[in-house]
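**Q** Which chain is which? The protein sequence lines are A and B, in order.
In case it helps, numbering that gives the first Met the number 0 puts the first sequence at residues 0 to 197.
In case it helps, numbering that gives the first Met the number 0 puts the second sequence at residues 0 to 197.
Calculated directly from the structure, the hints in this document are not laboratory data.
Be a bit skeptical, because a hint or two may be false.
No distinction is drawn between identical chains; accordingly, a pair holds when it is met within one copy or between any pair of copies.
Heads up, simulated SDA-like pairs for lysine to any residue below, C-alpha to C-alpha not over 20 Å straight-line [stated by the list, open to error]:
#: 1; residue 1: LYS158; residue 2: ARG128
#: 2; residue 1: LYS189; residue 2: THR2
#: 3; residue 1: LYS158; residue 2: PRO171
#: 4; residue 1: LYS19; residue 2: GLY94
#: 5; residue 1: LYS33; residue 2: SER168
#: 6; residue 1: LYS19; residue 2: GLU92
#: 7; residue 1: LYS33; residue 2: VAL51
#: 8; residue 1: LYS33; residue 2: SER44
#: 9; residue 1: LYS133; residue 2: MET113
#: 10; residue 1: LYS181; residue 2: GLY121
#: 11; residue 1: LYS33; residue 2: ILE7
#: 12; residue 1: LYS33; residue 2: MET176
There are 2 protein chains.
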Amino acid sequence: MDTLNRVIGYFSRFPGIGRKSASRIAYWLLEADKSFIQALSEDLSEMRSRIVRCRECGNYTEAPLCSICDSPSRDRTLMCAVEHPRDVSTIEETGEFRGLYHVLHGVLSPLDGMGPEELGLGRMLARIRTFGVKEVIVAANPTLEGDSTALYIARMLAKDEVRVTRIASGLPVGGDMEYADKLSIARALKARQFLENE
Amino acid sequence: MDTLNRVIGYFSRFPGIGRKSASRIAYWLLEADKSFIQALSEDLSEMRSRIVRCRECGNYTEAPLCSICDSPSRDRTLMCAVEHPRDVSTIEETGEFRGLYHVLHGVLSPLDGMGPEELGLGRMLARIRTFGVKEVIVAANPTLEGDSTALYIARMLAKDEVRVTRIASGLPVGGDMEYADKLSIARALKARQFLENE
Chain A
0 MDTLNRVIGY FSRFPGIGRK SASRIAYWLL EADKSFIQAL SEDLSEMRSR IVRCRECGNY
60 TEAPLCSICD SPSRDRTLMC AVEHPRDVST IEETGEFRGL YHVLHGVLSP LDGMGPEELG
120 LGRMLARIRT FGVKEVIVAA NPTLEGDSTA LYIARMLAKD EVRVTRIASG LPVGGDMEYA
180 DKLSIARALK ARQFLENE
Chain B
0 MDTLNRVIGY FSRFPGIGRK SASRIAYWLL EADKSFIQAL SEDLSEMRSR IVRCRECGNY
60 TEAPLCSICD SPSRDRTLMC AVEHPRDVST IEETGEFRGL YHVLHGVLSP LDGMGPEELG
120 LGRMLARIRT FGVKEVIVAA NPTLEGDSTA LYIARMLAKD EVRVTRIASG LPVGGDMEYA
180 DKLSIARALK ARQFLENE
């Protein structure tokens, strides 16, 4: 197979990219700035060796310690557990969280061989105790596995003086009841909150 | 800026890829097969030097002559003029065309400095005469520029014994009148065809 078809094949393996988009991108690259494609291919070839897991929280970083763990201004008594490194940047973009993270790189899923040990929950417990964390927010996705992971963490910390909380799930802001699925509506009803008069 | 953010930035410049998809792809690559990303980056870094324009038709190829121009089984009396190399593979996928191509790498567009000379229409004329082409199908996109390019080619060949045709435009097959734009409906009406009884 020639180079162009191979490149189209690679792009079509990217998440969310079909054959047609892959082909459009490949042809576009052939007409794009030469320095752009050179910089891209160099960074791609280097990224896997440059980017490592933060030795503290497991987030992706190019230094031994990620910029969040390394920052003196973060609240070390608050920890947010997430499934994937990308969730860290998603939460960071909201600007609503000033604590530390712990990236699990997965969720509890016995059928996939993901137990507490594979998730490194022991290391998470050690961090919590070292920092004297007061609250752990479990921001794993609102799935069955995410929920059981949250429950497991809550039980693991039952004897420590740590509040374990779970991010709320319900209707998306700006969403419409009509398009929401039953489970989300059920959760939104169950997690309903009191409106207090000011 | 670190490698991950640079890579996300590159991907978000790809056509049809937003910031969110770019980020999803970059994180996905960090967990993808190492050999995959290595093969991808190598092909990307090589593609611009390996892939050249066919000296005959202008299509992308890795040999001096593209596989279509090089094939003895193509009908050399039929030529299809297209705007972009990607249009060649689009038409090839239909399996409906057995002639040669001529890739214009653009359309006539005086405001963008694209005149007959920039499009290499002289070279196209030479090919048509060399091969004794009987029909030129202008498959430039159904835009104002595509239409004037077709008209220009028709005039250029007025004194030759060559039929110049234009691909039909109208409603997409399987489409719905309700969702078609006015111009396409107008064209579909104008280009209406007689239904003959068998």
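**Q** Cα distance capped at 20 Å. Does LYS33 pair with SER44 within a copy, between copies, both, or neither?
**A** Classified as both; 17 Å inside a copy, 9 Å across copies.
**Q** Could you figure out if LYS33 and ILE7 sit no more than 20 Å apart (CA to CA) within one copy, between two copies, both or neither?
**A** both (18 Å within a copy, 18 Å between copies)
**Q** Quick one: LYS133 to MET113, C-alpha cut-off 20 Å, is that within a copy, between copies, both, or neither?
**A** Neither. Shortest intra-copy (27 Å) and inter-copy (67 Å) distances fail the 20 Å Cα cut-off.
**Q** Can you give me the call for LYS33 and VAL51, within, between, both or neither, at a CA distance of at most 20 Å?
**A** Between copies only: 14 Å across chains, 29 Å inside a chain, cut-off 20 Å.
**Q** I want to check one pair: LYS33 and SER168. Are their C-alpha atoms no more than 20 Å apart within a copy, between two copies, both, or neither?
**A** neither (46 Å within a copy, 35 Å between copies)
**Q** Taking 20 Å as the upper bound on the Cα-Cα distance, should LYS158 and PRO171 be classified as within, between, both, or neither?
**A** Result: close neither inside a copy nor across copies, 34 Å intra and 66 Å inter.
**Q** Regarding LYS189 and THR2, is the shortest C-alpha distance of 20 Å or less found within a copy, between copies, in both, or in neither?
**A** neither (55 Å within a copy, 43 Å between copies)
**Q** Is it within a copy, between copies, both, or neither that the alpha carbon of LYS158 lies no farther than 20 Å from that of ARG128?
**A** So LYS158 and ARG128 pass the 20 Å test inside one copy only (12 Å; across, 89 Å).
**Q** Could you place LYS19 and GLY94 in one of the four classes (within, between, both, neither) given a Cα distance threshold of 20 Å?
**A** between (36 Å within a copy, 17 Å between copies)
**Q** Using 20 Å as the alpha carbon limit, work out where LYS33 and MET176 are close: within a copy, between copies, both or neither.
**A** Neither: 48 Å inside a copy, 43 Å across copies.
**Q** First find the shortest C-alpha distance between LYS19 and GLU92 inside one copy, then the shortest across copies, and answer within, between, both or neither for a cut-off of 20 Å.
**A** Between copies, since 12 Å is at most 20 Å while 31 Å is not.
**Q** Is it within, between, both or neither when you check LYS181 against GLY121 at 20 Å Cα-Cα?
**A** Classified as neither: same-chain Cα gap 36 Å, cross-chain 65 Å, threshold 20 Å.
Checked against the numbered hints above, the structure violates hints 2, 3, 5, 9, 10, 12; every other hint is satisfied.
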